[in-house]
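Engineer: Chains as they are written, first to last, in my numbering: chain A, 1 to 365; chain B, 1 to 240.
For the record, the hints were derived by calculation from the structure and aren't laboratory data.
Where hints are given, some of them may not hold.
[What the hints assert, rightly or not] Restricting the straight-line Cα-Cα distance to at most 25 Å, the calculated cross-link-like pairs of lysine to any residue (SDA-like) are:
id: 1; chain 1: A; residue 1: LYS323; chain 2: B; residue 2: ASP106
id: 2; chain 1: B; residue 1: LYS155; chain 2: A; residue 2: VAL167
id: 3; chain 1: A; residue 1: LYS271; chain 2: B; residue 2: THR181
id: 4; chain 1: A; residue 1: LYS279; chain 2: A; residue 2: THR252
id: 5; chain 1: B; residue 1: LYS155; chain 2: A; residue 2: GLU255
id: 6; chain 1: B; residue 1: LYS178; chain 2: A; residue 2: ILE274
id: 7; chain 1: B; residue 1: LYS155; chain 2: A; residue 2: ARG347
id: 8; chain 1: B; residue 1: LYS155; chain 2: A; residue 2: ASP311
id: 9; chain 1: A; residue 1: LYS136; chain 2: A; residue 2: VAL167
So the chains spell out like this:
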Amino acid sequence: MKLEGQVRIPSGCAISAVISKEGNRMSGEMITNSMKPMHDRSNGLGGGFAGYGIYPEYKDYYALHMFFDSRATRKDCEAFLKERFEIIQSEIIPTRKIPSITNEPIIWRYFVAPLKSVLTSMQLDEKEFVARTVMKINTELSGAYVFSSGKNMGTFKAVGFPEDVGVFYKLEEYEGYSWTAHGRYPTNTPGWWGGAHPFTLLDYSVVHNGEISSYDANRRFIEMFGYKCTLQTDTEVITYIMDYLLRVQGLTLQEAASVIAAPFWSTIETKNDIEDQKKHIYLRTMFSNLLITGPFSIILGFEGGLMALNDRLKLRSMVVGEKDDKIYIASEEAAIRTMEPNARNIRFPAGGEPVIIKVKEGTYI
Amino acid sequence: MNVIDATNLDYKTLNETLRQEEINYTINGCCGQRFIATGMSNKNLSINGIPGNALGAYLNDASITVNGNAQDAVGDTMNAGKILIHGSIGDAAGYAMRGGKIYVRDNAGYRAGIHMKAYNDKIPVMIIGGCAGSFLGEYQAGGIIIVLGINSGNKPIVGNFPCTGMHGGKMYLRNDCKNITFPPQVTTSPATNDDLKELCGYLSEYCSDFSYDIEDILSASFTVITPDSKNPYKQMYVTN
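For reference, chain B alone in the conformation it holds in the complex (with noise of 0.2 Å):
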């Protein structure tokens, strides 16, 4: 394990630093550097302080836990691997991550999940255990958003328009989503027992990530919101 001290250290220095061979790095005193990690395979690091934007850029599977909360822009267009929150995260997390898995403990900013895709067997997981912002899952391509609103008080679940030009992949809301308005191009349900089941492969990691009971957390009802067809703007400016 190797320890780096990011006290006035630059971006590019720590990055780097993270480029030698080692694998497993501790990184302190973190402050605000961005692109930690940008592109990177086959690393292990835990950071201590406040990773700055775009944590985890292009992430090649490689495995970031965070003791605190992350800035904007964690896991933007990232590939593959883990990126796991032990705090909030800010605006636009995972933006356009087409593989890999960010796992929040609290609350989630502004447009999470803002267009996120999928192809085969690449499917990016999402999951807030608080609440989210608003415009989430905003262009939805593809891929898994799941938020749980642990703790969340008064707090709605989602601020406004959740899912604007969703068009592709799956979102669980753990909430019966009676007072939360969703645009005319979705469909939202109730989860079903293969819904269910779904879930609980991705939340049995989450639950032993953040020290939960999976019972707890499915003890309460989920909704499920898919895009209503293949095509579900077909006519909203020219037909396509």
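One chain only, chain A, in its complex shape (with noise of 0.2 Å):
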């Protein structure tokens, strides 16, 4: 696994997804199928996916899916999960080999439940217990990440094109009712297996494209609230942010939007709603530090749903469709098309104006 300084590629970008309104269940084939035709956006040095709903056996538990760099990194990171969680599960994350992977790391997953007394103990819920756990792996022990820590879902990436990597794991024998893509085309940062996106913290997971030019006035600011951004890539950062709005600050997804996406001063003058105009005054005054600025889109996954939010000058592309119950999401109407060749209502949101999607409450697990 090569590290930060290893490798430099300087070089766009590409994100899918689907979702089941109605909570059925797809296979990661057609959300691997939806990247071919966006092929030319990415450059072969990172692919992921994020599936959700398709751990319905271990829905309880927590899905820490690992990268290491060695055996001896992994039993090290055993015993260190073993003070804290009982571990339910642990297995190779079953691959393919190909020959447009290579170099891959070990990588391997465990379905956990904290230990109670280890909460009590340390006067923490659940979810900021894994949070911080997922920290304190990242960065304390050297040549293990965790790059995926929510219930019921899971990321896979790796260095390689997207449609390459939703082969090499296997996807098309997992069932989510919703799916995210991203093909990586890195500008600024290398290209390495931790630095693919996804970049997900318990069931968040952001699929970026863009390059954020806020990244280290969003970072200083985040990382006074216990986050760290180790993975070397503008997108861990939004991740972070979105679980401090969302989770932590308990904010609604389109309060989140417009704190990360906040509309001009100029606009938020013209608005003849007086209380949503006290409302914007108010979130970008709270969380100045938290504007995100530079080309974006992204998709936020999260359990029982999906949100696509552009820049606020709407930098990059993004395109949404539907048929019966399902809402397609990607960069270009082509990757739409691949899944759906009959999906209707295509349109494309404005700078700033989240398309947030929700499964209908009780049809996913």
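If you follow the hints, you should be able to join the two separate chains into one complex; please do so.
Structural biologist: So, in structure tokens, the structure goes:
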């Protein structure tokens, strides 16, 4: 596994997603194929997927997906995990040997439950405990990276083109009610396994096309709250910002979108709805350090839904379509047509206008 | 007429096929192939499916009809010819186009007509039948952009910040524009009879392409937007 400084490739990206509002489960094959027409948006230095509802048999346990550089690191990490969790299941993540994906690290997954005694002594709720443990492993255990840590969801990523990464991880064998995908074309940071998207924490996952110019300002602010940016990619900070705004601060998705893609002051000034205007002034003032500037189109995955959002200037493309119970989102319409040739109501959301889709309550596990 | 099945063809192979001697082509099963007909002259293409980004970039007097939507950067730096879209168009349509026509039946995304320019008899024309996104005509330096707002319902005819940095050319919006904020460096006025005469020339072709009645189109009021001097940004950063 090559790290920051060992590889440096100067270089867009592609994103894609599908969700069933009825909670119907789909195999990962469709989302993998959706990346094919967008092949040229990536350069083979990263591809990845997040699937929700894929582990119904382990739905009550946190699924930790991990990269290790060696067997010794894995053993050390397992010893560390056993001090904090009951490990329900521990297994290698099944992969296929294919010529287009090489130099893979050791890829493992654990289904775990936090030990009640540890939670009590640390006086933390479960999610906070898991989040802190992820940060601890990623910063302190050299050669070990947790790249997925939610319940009944999982991230699969690698260095390679996304359509190959889907084949590598045998995604056709998983079934989920929502999927997101990413093809990477790194511009400022290395193409390495940990740097591929999605970036996740708990059940939040982010795929991102763009380049955020506020990265360091955002990072400095968010690191005050215990988050540690370790993966050398701007997208990581977006994931932590979303976790902070949604889980810790309890904002709604709409409000969180108004923080990171806040309207211009001139646009806020002309709002006719005074309550709405006050709220936007409050959010921009309160969380000014979490405004994300520079081009981005992102898809946030979470338990039971997706949110797609563009930067307020809309410097990246985003298309949304639908058919029956499914909503499709992608950088290009061609990707949507690959998933559903007869998709209807094709639309282009405006900059800063979140598209929020939630699965009907009770229809997913 | 040559028929090309574009299923699983990459853009390079597709363009190589189009460069053969034949003039008329129909492309079926198009799905995201970029750069279709880049720089081509003397061709007549009909596309079924979704052409990829930069369709007709540097187009040099070819005619392209898309029977559906098109993606981003259609007609980038196009020089001459005509692109007809029977659907909507993505962002940055007609980026820096310097000649030819782009006619769109439905809506346009952000930044349509960004940096369009003109030179002598080279006057590019873009007509959008529905609504346009924000930053319409950003940095427009020449040419003509027309937005009709047909079937727009409650949707505004343009998004925010139209004509930002506009310093040449002309824009026509089929709307009284009372609720639209323009930058201080442009002038808006109701279309005069002379303007309507000019419009008629462009719109009659558009109406026949998309089967609209020109009388209906001209029955609503138009607003004309032009930069308010030859050098509206003289003092913006430094004197220039």
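Engineer: Hint by hint, note whether the structure agrees.
Structural biologist: Checked hints:
Our distance criterion of 25 Å between C-alpha atoms is met by LYS323/A and ASP106/B, whose separation comes to about 20 Å. This hinted pair does not check out: LYS155/B and VAL167/A have alpha carbons roughly 43 Å apart, beyond 25 Å. At roughly 13 Å between alpha-carbon atoms, LYS271/A and THR181/B fall within 25 Å of each other, so this suggested pair holds. Between LYS279/A and THR252/A the alpha-carbon distance is near 12 Å, which keeps this suggested pair within the 25 Å criterion.
Taking the CA atoms of LYS155/B and GLU255/A, the gap is near 23 Å; set against the 25 Å cutoff, the hint holds. This hinted pair checks out: LYS178/B and ILE274/A have alpha carbons roughly 21 Å apart, not beyond 25 Å. As the CA atoms of LYS155/B and ARG347/A are separated by approximately 13 Å, the hinted pair is consistent with the 25 Å bound. This hinted pair checks out: LYS155/B and ASP311/A have alpha carbons roughly 21 Å apart, not beyond 25 Å.
Taken as a hint, the LYS136/A and VAL167/A pair is broken in the structure, with Cα atoms around 31 Å apart against an allowance of 25 Å.
Consistency note: the structure conflicts with the earlier hints numbered 2 and 9.
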